[in-house]
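Colleague: Here is how the chains run, residue by residue.
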Amino acid sequence: MKLLKSVLVATALALATSSAAIAQRTDIVIGMVLEPPHLDPTAGAAAAIKEVGYANIFEGITRIGPDGAVQPGLAESWEISDDGKVYTFKLRTGVKFHDGADFSAEDVKFSIDRAMAEDSVNPQKGLYSAIEKVEVVDPATVVVTLKHPQGAFLWNMGWGEAAIVSPASADGNKEKPIGTGPFKFENWAKGSSITLVKNPDYWGEEVALDKAEFRIIPDAAAAVPALLSGDVHAFSNMPAGDALPQIESDPRFKVVIGSTEGETVLATNNKKEPFDKLEVRQAIAHALNRDEIIAGTPPGLGVPIGSHFAPHHPAYVDLTGTYPYDPEKAKELLAQAGFPDGFSATLKLPPPGYARDGGQIIASQLRQVGINLEIIPLEWADWLSQVFTDKNYDLSIVSHVEPMDIGIYARPDYYFQYQNPEFNAVMEELEVTTDEAKRNELYGKAQRILAEDAVNGFLFQLPKVGVWDAKIEGMWENWPLSVADLTKVHWTE
Amino acid sequence: MTAFLAKRIGIGLLTLMVASAVVFGVLEILPGDPAQLMLGMNATPEALANLREQMGLNQPVLLRYFNWVGGMLVGDFGRSFTYSSPVIDLIAERVVVSLPLAVISLILSTAIAIPVGIFSAARRGKAADTVSMGAAQIGVAIPNFWFALLLIYVFAVWLRLVSSGGFPGWNAGIWPGIKALLLPAVALALPQAAILARVTRSAMLEVLGEDYIRTARAKGMPRRTVLWRHALRNAMIPVLTILGLQFAFLLAGTIIIENVFYLPGLGRLVFQAITQRDLIVVEGVVMLLVASVVVVNIIVDILYAVVDPRLRIAA
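Same order as they appear, the protein sequences are chains Z and S.
When the letters of the first sequence are read in order and numbered with our numbering, they come out as residues 1 to 493.
When the letters of the second sequence are read in order and numbered with our numbering, they come out as residues 1001 to 1315.
Just to be clear, a hint being listed does not mean it is correct.
As the list claims (entries may be wrong) - Derived, one-sided and incomplete: chain S residues facing chain Z with beta-carbon distance under 8 Å:
| # | residue |
| --- | --- |
| 1 | A1047 |
| 2 | N1058 |
| 3 | Q1059 |
| 4 | S1164 |
Note that these hints are calculated values from the structure, not bench results.
Heads up, the beta-carbon is just placed ideally off N, CA and C, and yes, glycines get one too.
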């Protein structure tokens, strides 16, 4: 009897687990706001291209993980010469592209040479600036020689734009992307959705999902019912707006607030009068009340920053107290700079909500100290040409979403028009430093210089509002890269 | 009739020519660099120059204009800057959504509006008239995106009868396709129906006040016959005008509804193309819309002549 009972229990257990295994879902629908213009990460900057393809369709020789750290990709290991200039990559074998072509060292050389070439349209061509040459030793070994040691080289090669592509299919990747990743592109219904399916010939760990659909939902008002009705299972970054508390209180969903690489700044034209005066920029910094600005820009979850650096990074230094909110001090500084009665300027705003909402609040805060801002809303194309390219602006609000982009302050002719030889020297040293502790120290120094110079009004780090079905696991909590890496995503029942 | 048609078509072609020049010119002076938009803020100047070359933006303006017009004459609308596919394919993919949506909405709105309008006119000043015109007033006033969201919450989130939006494609079958278009069609049709019902009612009232209606009634013709045979036909001219305008609107002016239901229609294509400065796509879609408005107007003109023989003679 006892035996019978245990047999029954065992059978029941076996049935329960096997039926659970059968019942486990293997498909997912992910909502995204912007449709990618095409799917070739080596030819377009739109974040949506990487959101679909990164780590899913395309892989690089290295990759960046959910914690922002470099992990092996198509290269399983590497050796670095003592002078830090020669990287020898040992590549994985038995890897195939989705069209059946074999992956080898030749493809790595082809991809890097193509991105560096004279006629390249790679939006991050700068990632390759330190590379001198790429040599194929044998099908599984490739040697990259740098012009000078570069601390961030392995990290650079993990960007979405550094995807390894095949010479046979590279030109068709915009419409039919062919990579080496665990998912294959299946279909793109323009304006609607992009569907990926599991790649049965994948070299690495098998993914749990058989099918993933990225559904394009451009309107924030439509995103909420799409989630509530169960049509969409997950948003990496949901435009939930005011509906977030409603979703949070619903046990069917998980809301995970994470960090992004988006430093939101009050961009300032440092060469234009009166912003060329340090006192004026300091006055603006003292006049800004970050808590109020964050609370007024839905979803109100930004993290205050005092310099151009992401708070989740180990090298982050909290500099929010450099010029604390103090309108009286701001007025004094303005008087010292020769503007006892303040002045008027323009504030040119791109379309995102953080800029349009934040702009209203900033304009009213600066009015308190006598700076009258005329708000000029612009669409992106207009913003890029007027503000970014022609530098025809006083102030603007924009989030700089490229990862670890503090180096933009050293660029000659960048739209902030900031020039400081001391800062540039730190950046030059950083470029060639490979020691992690030393790099973090230099990053700290760079953050301090920018904070003290009050180059821009440093506002807040853009949050990532992750929302997904409570039964889904493996989505990224933070966004060291704005991607939707599905390799670890699975349903728990 | 042939002379009438020839004149109409001639005017239509002239409109298209003028429109092509205006559309091209306006987009030419629109600020913004398509290459910069594609490659973003970290792009190197060389990469930007390469892309401009690839897109053909370095050629002189007039050359580009004539290439474009010449291409269209032989059915070649050019290739999209952002999507690397031919413009005509992009448009075709969207028309199969937008056209059925427009037709379903128009049928719905006409089926509701014309009987309601006639009914109200026939019972002018009575309770039924007040109620139906009150409802129409509300229909005109409600913003259609709000009405659309209401429909979504009731039918998709609460009752779960349909999905909250999206379009499965006609490959998935006729019924799933139509099902996906039903809620958007209702959301589009009701405000249109409200306008149309009011127009129908006032056109009918005007006709019903005419002497010949009184004569018809006086000679003992039944009320119903007078209403449907004599009054309605003469009241059709303003109704047809509004219908023509509404069809053109439903074909492309539905961007808000397309966004709320995330439908891949023409409105969203053109909106997306404008923000991405995919000028060749914008130009192609606008020309198509101009052409459809011209065609609809010609059809409406012909229908005028059908309902009113006097116009045939005048032409």
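Colleague: The structure should be examined with respect to each hint, and the outcome stated for every one.
Modeller: Hint by hint, here is what the structure shows:
About 5 Å separates the beta-carbon of A1047 of chain S from the nearest beta-carbon of chain Z, less than 8 Å, and the hint is met. Below 8 Å, beta-carbon pairs count as interface contacts, and N1058 of chain S has none with chain Z, the closest being about 14 Å; its hint is therefore violated. Proximity of Q1059 of chain S to chain Z is violated relative to the hint, the smallest CB-CB distance being about 18 Å (cut-off 8 Å). With a least beta-carbon distance of about 4 Å to chain Z, the hint placing S1164 of chain S at the interface is held under the 8 Å criterion.
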